[in-house]
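Those protein sequences? They're chains A and B, same order as listed.
Numbered per my numbering, the first sequence spans residues 4 to 113.
Numbered per my numbering, the second sequence spans residues 337 to 451.
It is worth saying that the hints were derived from the structure and are not from the lab.
Values in this document were obtained by computation on a predicted structure and should not be read as measured data.
Just so you know, not all the hints are guaranteed correct.
As the list claims (entries may be wrong) - Derived DEER-like restraints, expressed as beta-carbon distance ranges:
| no. | chain 1 | residue 1 | chain 2 | residue 2 | range |
| --- | --- | --- | --- | --- | --- |
| 1 | B | Gln-354 | A | Thr-54 | 42 to 52 angstroms |
| 2 | A | Ile-16 | B | Asn-407 | 38 to 48 angstroms |
| 3 | A | Pro-42 | B | Thr-341 | 37 to 47 angstroms |
| 4 | A | Glu-8 | B | Thr-350 | 13 to 23 angstroms |
| 5 | B | Lys-349 | A | Glu-18 | 37 to 47 angstroms |
To be verified - Straight-line Cα separation of at most 27 angstroms, DSSO-like style, residue types lysine-lysine; simulated pairs:
| no. | chain 1 | residue 1 | chain 2 | residue 2 |
| --- | --- | --- | --- | --- |
| 6 | B | Lys-393 | B | Lys-349 |
| 7 | A | Lys-100 | A | Lys-73 |
| 8 | A | Lys-73 | A | Lys-59 |
| 9 | A | Lys-73 | B | Lys-393 |
| 10 | A | Lys-60 | A | Lys-73 |
| 11 | B | Lys-393 | A | Lys-100 |
All C-beta atoms in this analysis are idealised placements derived from N, C-alpha and C, irrespective of residue type, glycine included.
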Amino acid sequence: TQLLEQSPQFLSIQEGENLTVYCNSSSVFSSLQWYRQEPGEGPVLLVTVVTGGEVKKLKRLTFQFGDARKDSSLHITAAQPGDTGLYLCAGETSYDKVIFGPGTSLSVIP
Amino acid sequence: KAGVTQTPRYLIKTRGQQVTLSCSPISGHRSVSWYQQTPGQGLQFLFEYFSETQRNKGNFPGRFSGRQFSNSRSEMNVSTLELGDSALYLCASSYWTKQPSGELFFGEGSRLTVL
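The following block holds chain A by itself, in its conformation from the complex (with noise of 0.2 angstroms):
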């Protein structure tokens, strides 16, 4: 069974700091995308990488793949506020099926 680890679990920070978040596992995925979910919404997609080592950029958040193709991370520069929300990463599986992180809940301070 291909599981996604993410940590951390909780997140509370002041607005103006930096965060990384991290989305592990011990299986390989074909590519890997990054969702934030607010309150009362759907996620909605932030990136997709698909590349082992591939960085992306958007905006204050870069994303990276790594080289295994068996973990990410998220990284966001001076957080603020609409920051706020949950940070879902999710795997595709070698039988096409998209599976979920439990998420890292992130609240940015004003």
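Keeping the supplied structure of chain A fixed, place chain B upon it in accordance with the hints.
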């Protein structure tokens, strides 16, 4: 274009009853996936349908079932409800079904409470 629409948004049932949830995907999307989200387990994959065929299934008991119609709309059914079925049920549609997966577009979910 219109997003993914799920109905009903909220519902309350009692143990032993059954429930049917509906999902209308984005126009042109032929893949529909269902997920169960709970605070303790996160998002758990239920099943995926593509062109009226179930392509993948998660590790849920047979009480959970689904189907997809020719217009890509999908329904999921849970029979003999248990307290542990209380959750947010999310539907997601996508255009591609080949790897790498395209973006999953989620609806706002149907929040089920079982008393």
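A quick look at each hint next to the structure:
A hinted range of 42 to 52 angstroms for the beta carbons of Gln-354(B) and Thr-54(A) is consistent with their spacing of about 45 angstroms. At roughly 45 angstroms, the beta carbons of Ile-16(A) and Asn-407(B) sit within the given window of 38 to 48 angstroms. At about 19 angstroms, the CB distance of Pro-42(A) to Thr-341(B) disagrees with the hint of 37 to 47 angstroms. With their beta carbons about 36 angstroms apart, Glu-8(A) and Thr-350(B) fall outside the hinted range of 13 to 23 angstroms.
A hinted range of 37 to 47 angstroms holds for the C-beta pair Lys-349(B) and Glu-18(A), which are about 42 angstroms apart. A C-alpha spacing of about 25 angstroms is found between Lys-393(B) and Lys-349(B), which places the hinted pair at or below 27 angstroms, so the restraint holds. Only pairs whose Cα atoms come within 27 angstroms are accepted, and Lys-100(A) paired with Lys-73(A) is accepted, the gap being roughly 16 angstroms. Under the criterion of a C-alpha separation no larger than 27 angstroms, the hint pairing Lys-73(A) with Lys-59(A) is consistent with the structure, at around 17 angstroms.
For the proposed pair Lys-73(A) and Lys-393(B), the alpha carbon gap of about 23 angstroms is at most 27 angstroms, so the pair holds. Simply put, Lys-60(A) and Lys-73(A) have alpha-carbon atoms about 19 angstroms apart, close enough for the 27 angstroms limit, and the pair holds. Taking the CA atoms of Lys-393(B) and Lys-100(A), the gap is near 9 angstroms; set against the 27 angstroms cutoff, the hint holds.
Consistency with the previously given hints fails for numbers 3, 4, ordered from lowest to highest.
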